[in-house]
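Novice: Heads up: the sequence lines are chains A and B, in that order. If you read the first sequence in full-length UniProt numbering, its first letter stands for residue 1, the second for the next number, and so on. If you read the second sequence in full-length UniProt numbering, its first letter stands for residue 1, the second for the next number, and so on.
Rather than coming from a laboratory, the hints here were simulated on the basis of the structure. Some hints here could point you the wrong way.
For chains that are exact copies, the list does not tell them apart, and a pair is met inside one copy or across any two.
Taking lysine-lysine and the DSS-like style, the derived pairs with C-alpha atoms no more than 27 angstroms apart in a straight line are [unchecked claim]:
1) K222 - K26
2) K42 - K157
3) K211 - K26
4) K40 - K222
5) K225 - K40
6) K211 - K222
7) K26 - K225
8) K13 - K26
9) K9 - K157
10) K26 - K9
11) K26 - K157
Predicted, not measured: the structure shown is a model, and the values here were computed from it.
There are 2 protein chains.
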Amino acid sequence: MQILEVCYKSGVKVVTIYAFSIENFKRPLHEVNALMEIAKIKLSQLCQHGELMDQYGASLRILGHRSLLRQDVLEAIEQATEMTRHNDKAILNVCFPYTSRDEITTAIRDIVSSSTIPQTSPPSPSPSDSSTSTSTSTSSGKTATPGLMDIESITEKTVTRHMFTSGCPPLDLLVRTSGVERLSDFMMWQCHQDTDIVFSDSLWPQFDIWKFLPILINWGVKRRKLEKEKGDVEVRGVGMGMGVGKGGGY
Amino acid sequence: MQILEVCYKSGVKVVTIYAFSIENFKRPLHEVNALMEIAKIKLSQLCQHGELMDQYGASLRILGHRSLLRQDVLEAIEQATEMTRHNDKAILNVCFPYTSRDEITTAIRDIVSSSTIPQTSPPSPSPSDSSTSTSTSTSSGKTATPGLMDIESITEKTVTRHMFTSGCPPLDLLVRTSGVERLSDFMMWQCHQDTDIVFSDSLWPQFDIWKFLPILINWGVKRRKLEKEKGDVEVRGVGMGMGVGKGGGY
Numbered sequence: 001m002q003i004l005e006v007c008y009k010s011g012v013k014v015v016t017i018y019a020f021s022i023e024n025f026k027r028p029l030h031e032v033n034a035l036m037e038i039a040k041i042k043l044s045q046l047c048q049h050g051e052l053m054d055q056y057g058a059s060l061r062i063l064g065h066r067s068l069l070r071q072d073v074l075e076a077i078e079q080a081t082e083m084t085r086h087n088d089k090a091i092l093n094v095c096f097p098y099t100s101r102d103e104i105t106t107a108i109r110d111i112v113s114s115s116t117i118p119q120t121s122p123p124s125p126s127p128s129d130s131s132t133s134t135s136t137s138t139s140s141g142k143t144a145t146p147g148l149m150d151i152e153s154i155t156e157k158t159v160t161r162h163m164f165t166s167g168c169p170p171l172d173l174l175v176r177t178s179g180v181e182r183l184s185d186f187m188m189w190q191c192h193q194d195t196d197i198v199f200s201d202s203l204w205p206q207f208d209i210w211k212f213l214p215i216l217i218n219w220g221v222k223r224r225k226l227e228k229e230k231g232d233v234e235v236r237g238v239g240m241g242m243g244v245g246k247g248g249g250y
Numbered sequence: 001m002q003i004l005e006v007c008y009k010s011g012v013k014v015v016t017i018y019a020f021s022i023e024n025f026k027r028p029l030h031e032v033n034a035l036m037e038i039a040k041i042k043l044s045q046l047c048q049h050g051e052l053m054d055q056y057g058a059s060l061r062i063l064g065h066r067s068l069l070r071q072d073v074l075e076a077i078e079q080a081t082e083m084t085r086h087n088d089k090a091i092l093n094v095c096f097p098y099t100s101r102d103e104i105t106t107a108i109r110d111i112v113s114s115s116t117i118p119q120t121s122p123p124s125p126s127p128s129d130s131s132t133s134t135s136t137s138t139s140s141g142k143t144a145t146p147g148l149m150d151i152e153s154i155t156e157k158t159v160t161r162h163m164f165t166s167g168c169p170p171l172d173l174l175v176r177t178s179g180v181e182r183l184s185d186f187m188m189w190q191c192h193q194d195t196d197i198v199f200s201d202s203l204w205p206q207f208d209i210w211k212f213l214p215i216l217i218n219w220g221v222k223r224r225k226l227e228k229e230k231g232d233v234e235v236r237g238v239g240m241g242m243g244v245g246k247g248g249g250y
């Protein structure tokens with residue numbers, strides 16, 4: 001909460017936290033269940049700190065493959081997001097359950113799906129007229145028949161628009177805790193040309209405001225040096241690869 | 001060349017070098033032309049060192065958006081790849097001209113394209129029969145009409161198969177030179193759960209075997225510690241974010 005506060009006070013618009021990886025579902029069931037209980041507690045704590053979210057106008061968003069979650073966890077998510085929905089100045093993204101590859105794969109499925117032209121009663125084309133195009137859709141719901149799609153119209157912007165972080169500003173700073181020097185399938189697409197990556201030796205519960213402040217200040221100094229001719233510099237997005245409690249994240 | 005040699009001697013199967021970013025085309029024309037000349041020189045040097053490539057059974061692959069290259073550069077590429085085509089024990093990937101986002105976007109286009117069912121004389125379906133599906137293709141070549149596609153069949157494996165690095169082993173170690181702590185749009189998809197990322201302060205021409213060896217050895221020690229119960233450890237893929245000469249890369 002202190003880290004969030006210093007971020008929003010410094011003008012950071014979006015903070016993204018890696019709470020639970022899809023990979024974690026491979027753990028023993030009792031561990032997964034324990035992590036889900038922790039998630040519910042964290043979400044209810046967030047509700048209790050509603051005034052902090054309101055103070056900075058921050059809304060909560062849960063990014064990830066929600067269909068993998070239990071009904072009671074989904075309800076806790078619904079309650080927490082509903083409570084902050086009116087805030088529109090800043091965003092707290094919580095990746096849960098998430099992997100970057102799943103996000104990109106989901107985006108690809110969405111792009112293919114969105115090209116579908118649903119036609120309940122397709123016209124009967126003349127075989128000699130090759131300039132017309134028809135498509136029909138099956139009733140399974142899982143199989144789509146995409147209609148006319150211009151391949152060239154799929155650009156990097158299309159992909160960005162289909163990410164869970166759609167509409168968020170670029171990621172400026174990515175902090176990876178736990179002493180391992182890996183991205184661990186976190187915000188790979190968002191890690192663009194100018195994203196600074198910082199590895200911290202601290203495990204998440206020990207990664208406190210005093211560990212975070214030097215990273216944020218150092219980023220500001222470096223960026224200011226790089227972009228001094230451009231004038232003002234502000235951190236727009238911060239991503240943190242941090243787990244929920246001891247067992248979370250990765 | 002020394003770095004390549006130590007990699008192949010240590011059993012690394014694939015080395016990937018970031019030679020030229022698509023972003024570099026935004027530079028002034030005379031700079032781009034100079035970089036292209038350097039690329040041609042490097043490719044011809046590689047041909048002269050053919051015996052090294054043969055010694056380790058390494059074949060050259062150029063990954064990237066080739067249609068952006070000049071005809072004479074394409075010919076130099078063709079000559080160099082042809083010379084090592086018979087080698088099948090190791091791979092030297094040179095990303096040129098490349099960005100990771102372009103690679104992923106290209107993969108998405110390929111996935112959409114590969115779902116196209118070309119039909120020169122499409123059957124005339126009955127409007128009442130919703131279980132059949134037809135598609136026709138236009139003559140422009142740019143617009144495709146994908147046929148029946150099962151969205152659920154698009155998985156992370158599909159995406160991996162459509163990357164330029166398709167068929168390569170997982171990326172174990174990524175070395176980023178030049179003292180900046182960014183991925184700079186290099187192998188974002190390949191940077192999987194277990195890829196170690198190492199930032200080096202050295203600029204590329206100064207990044208020599210004595211800078212590289214400690215990184216490789218350190219990786220081995222760390223990985224052995226992590227996976228000691230699994231037995232033998234070997235580096236399968238190494239990616240290096242290094243530019244061609246002073247102006248290259250990023």
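Novice: The structure should be examined with respect to each hint, and the outcome stated for every one.
Specialist: Consistency of the hints with the structure:
| no. | hint | in the structure |
| --- | --- | --- |
| 1 | K222 - K26 | between (40 angstroms within a copy, 24 angstroms between copies) |
| 2 | K42 - K157 | neither (34 angstroms within a copy, 34 angstroms between copies) |
| 3 | K211 - K26 | neither (31 angstroms within a copy, 38 angstroms between copies) |
| 4 | K40 - K222 | neither (38 angstroms within a copy, 35 angstroms between copies) |
| 5 | K225 - K40 | neither (42 angstroms within a copy, 35 angstroms between copies) |
| 6 | K211 - K222 | both (17 angstroms within a copy, 24 angstroms between copies) |
| 7 | K26 - K225 | between (44 angstroms within a copy, 22 angstroms between copies) |
| 8 | K13 - K26 | neither (34 angstroms within a copy, 29 angstroms between copies) |
| 9 | K9 - K157 | neither (30 angstroms within a copy, 42 angstroms between copies) |
| 10 | K26 - K9 | neither (38 angstroms within a copy, 36 angstroms between copies) |
| 11 | K26 - K157 | between (33 angstroms within a copy, 18 angstroms between copies) |
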